[in-house]
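Chains A and B, in that order, give the protein sequences. With UniProt numbering applied, the first sequence covers 1 to 337. With UniProt numbering applied, the second sequence covers 1 to 337.
Incorrect hints may appear among the rest.
Some chain A residues well away from chain B (every beta-carbon gap over 12 Å; in silico) [claimed, not checked]:
1. A240
2. R243
3. A290
4. E319
5. T331
Cβ-to-Cβ under 8 Å is the rule here; a few derived chain B residues that face chain A [as the list claims (entries may be wrong)]:
6. T78
7. V79
8. A80
9. L145
10. R149
Bear in mind the hints are in silico, worked out from the structure with no lab data behind them. Each residue gets a CB set at the ideal place from its N, CA and C atoms; glycine is no exception.
Take a look at the letters that make up each chain.
Protein chains: 2
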Amino acid sequence: MRYLSGAAPQGSVLLLSRHEDFLVCASPPDDRPSEGRPDESLTLHVLPAPGGDTAVAAAGLAVAQDADSLAVEEHHLTVARHRAIGSVASQLRLADLGCAVEQLRVVKDEEEISCLRIGAEIADQALGELLESILVGRTERHLALELERRLVDHGADGPAFPTSVATGPHSGRRGHRPTDRRVEEGDFLSVCLGATYRGYRCEIGRTFVIGTSPADWQVELYDLVFAAQRAGREALAPGAAFRDVDRAARHVLDSAGHAEGLQPLTGHGVGLEIDEDPQLAPAAMGKLDACVPVTVEPGVHLPGRGGVRIDDTLVVRPEADGGPELLTITTKELLAL
Amino acid sequence: MRYLSGAAPQGSVLLLSRHEDFLVCASPPDDRPSEGRPDESLTLHVLPAPGGDTAVAAAGLAVAQDADSLAVEEHHLTVARHRAIGSVASQLRLADLGCAVEQLRVVKDEEEISCLRIGAEIADQALGELLESILVGRTERHLALELERRLVDHGADGPAFPTSVATGPHSGRRGHRPTDRRVEEGDFLSVCLGATYRGYRCEIGRTFVIGTSPADWQVELYDLVFAAQRAGREALAPGAAFRDVDRAARHVLDSAGHAEGLQPLTGHGVGLEIDEDPQLAPAAMGKLDACVPVTVEPGVHLPGRGGVRIDDTLVVRPEADGGPELLTITTKELLAL
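Use the sequences and the hints to build the structure in full.
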C-alpha cells in the first residue's frame with residue numbers, strides 16, 4: 001500500500017478500481033501514525049468503519065463502484081476478514097492478487113535507490129563513530145542502543161530492523177539479539193545494522209576483533225568469509241540466477257568444510273521492507289535484473305567460539321555502468337579495535 | 001502462543017492436541033529471535049518446513065496424531081495459509097478458535113501483574129530522569145530516543161510501543177509520532193511511554209508545561225482532563241461495565257464542550273500486547289473483573305493550540321483490597337518545567 005499510494009496510515013486499505021483509486025482510512029491520517037503522504041491522485045475516504053475494519057469498508061466501496069470482482073492479497077488477508085468481505089459484498093467474485101505487488105517492487109527506480117543510498121551512508125556514519133569509541137567492557141545491548149541513537153541523530157527515520165551486536169561466542173550469528181554480555185579482549189565483535197530513510201531500509205554487517213592482534217584462527221576464518229562475500233558480490237549482474245549468486249558465496253565456505261550450519265540464504269532484496277524478493281538461496285528460481293538492491297551476507301558461526309559475518313547492500317548494475325554499486329562502503333579489512 | 005507456551009520463536013506455531021502439545025519451529029530457537037523460554041511440558045519440533053510454513057507443518061503433525069478437527073485462529077491466519085493447511089490435511093475439519101486465547105488473557109495472575117508493576121517502575125524512573133534535564137530547544141525525536149534509552153538502561157526489554165513526545169500544537173494527540181519540532185517556552189509537552197518487562201507492556205502518559213507559569217487556558221484544560229481521568233480511575237471496580245468507565249471520564253469532557261474530536265476510547269487492557277481486551281469505549285460490551293490491568297487515558301487536543309493527555313496503568317482490585325492499584329505513580333500535578 002505504501003508503495004502504490006505513497007502513504008500507509010495505520011489500519012488503512014488501498015482500493016484500486018477501474019475508474020478511480022481510493023485510500024480508505026478509519027480516521028483522518030492526522031490522527032493516526034502514518035508513513036509518507038498519500039499520492040494526490042488518490043481519493044481519501046475517511047470511514048467510521050465499525051471495528052476499524054477498513055477492508056470490509058473498501059469492499060463496500062467496490063460494490064458501490066459497480067465492480068464485479070475484487071482481487072485481494074490472500075497472503076496478507078486473514079480468514080476472518082476474507083469472510084467478512086464475502087458476506088458484506090456477496091455479489092463480488094473474490095480472487096487472489098498473489099504477490100503481484102511484491103513483484104512490481106523488486107526493480108527500484110532511481111528515487112528509491114537514492115533513499116537506500118542515503119540510508120546506507122547514515123548506517124556507515126553510525127558504525128564509523130562507534131568504532132572510534134571504547135568498546136571493551138560495554139554490553140551488546142548498550143552498543144546496539146548507541147548505534148540506533150546515532151542512526152536517528154544522522155537523519156534516519158529509525159533503525160531498519162533490530163540492531164544486532166554479537167560478541168565472543170555470539171559473534172557471526174545472523175539476527176543475534178543483543179544480550180548483557182560485555183565486550184572482552186580477544187573477542188570477535190559482529191555488528192549488523194541498517195537505517196530506514198523515507199521508508200527504505202538498507203543493511204550493513206561487519207565483524208571486528210577486539211585487542212591488538214587477532215588469533216590465527218580468527219584471521220583464517222575472516223579471510224574465508226571475506227572471500228565468500230567477495231565471490232557473492234562479484235556474481236551480481238543482470239541476468240545472473242539467484243541460486244548462482246548464492247552458490248558463488250556458499251561454495252567457498254562449503255569447500256572449507258563449513259557446509260553444515262550455514263544459513264539458508266546468502267542475501268535478499270531490500271526496499272520498503274528489510275527482507276523482500278529476491279532470495280539468494282540454493283533453491284531460489286529466477287534471475288537478477290538491473291536496479292535490484294540486494295544484500296550479500298555470508299557468515300560462519302562456530303558453536304562456542306564465535307564467527308564472522310560480512311554484509312553489504314549493493315544495487316545490481318550492468319557491467320557497462322561499472323557493475324554492482326556498493327552502497328555500504330565501510331571498510332571490510334579485519335580491524336583490530 | 002507466547003502466553004500458552006512461554007516462548008515465541010519467530011515464525012513458529014503452537015499445536016495443542018489431546019495428548020501432547022507441540023511447539024513447531026522452522027529452526028532451533030537458538031538460531032532465531034525468540035521471546036522467553038518454552039514451557040518444559042511442550043515437545044519442541046524443529047521442522048525444515050518448506051517456505052518456513054510451520055502452520056502447514058503443524059497441520060501435518062495433527063494428522064499424524066489422529067486428530068479429526070483443528071481449530072485455528074482465523075483472525076490471525078491468512079487465507080493463503082488456511083488454504084495450504086486444508087490441502088495438506090484434507091481429512092481435518094478446520095474450525096475457528098475465535099478469540100478464546102485473548103479471552104483467557106484478560107485476567108492476569110500475580111506473576112503477570114508483577115511484571116507489569118516492574119515495567120511501570122522502569123517507565124516512571126525514565127520519565128523522572130527526563131524531567132530533571134533541560135528540555136527547551138530539544139526536539140521531540142531526541143527526547144523520545146532519550147526516554148527509550150533510559151528504559152533499557154533501567155532493565156526494560158525495550159519500549160512497549162513507539163514513545164510519543166508531543167510539543168506545543170502537537171501536545172495532547174494520542175499516538176503522536178515525534179517530529180523535529182523543538183520544545184519552546186510556553187509549550188504544553190505531552191509524553192507517552194512504556195516499558196516491556198519479560199514480555200509485559202505498560203503505559204504512562206503525562207502532560208507538562210514549559211516555562212515558569214502556565215497560561216490560564218492551560219491550567220483550565222489541564223484541570224478538566226485531570227478531573228476526567230480521575231473519574232475514569234474511580235470508576236474501575238470488579239463488575240463495572242466497560243462503557244460505564246468510559247462514560248465516567250468522557251462525561252466530564254463532554255459537558256465542558258469537548259464532545260467533538262474525543263478519541264474513540266478512554267482506555268484499554270495491557271499485557272503481552274500494549275493494546276488488548278477490554279476496550280473502555282462507548283459501545284464496548286462486558287464488565288471488568290478483578291486483576292485486569294487497564295489504562296485510563298482521556299485527552300483533549302485543540303487543533304492549532306495543543307492539549308493534554310493523562311494516562312495511567314492500573315489493576316482492577318476489589319474495594320476490600322484497597323480499590324484499583326495504580327502502577328504508574330509519577331505525579332499528576334501540573335508541573336511547570
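These are the hints, each one checked on the structure:
1. A240: Nearest chain B Cβ is 23 Å from A240/A, so the label holds.
2. R243: holds, 16 Å
3. A290: Non-interface label stands for A290/A: nearest chain B Cβ at 28 Å, farther than 12 Å.
4. E319: Consistent with the label, E319/A stays out of reach of chain B, its closest Cβ about 34 Å off (over 12 Å).
5. T331: holds, 28 Å
6. T78: holds, 5 Å
7. V79: holds, 4 Å
8. A80: holds, 4 Å
9. L145: holds, 5 Å
10. R149: Constraint on R149/B satisfied, holds at 5 Å.
Comparing the model with each numbered hint stated earlier shows that all of them hold.
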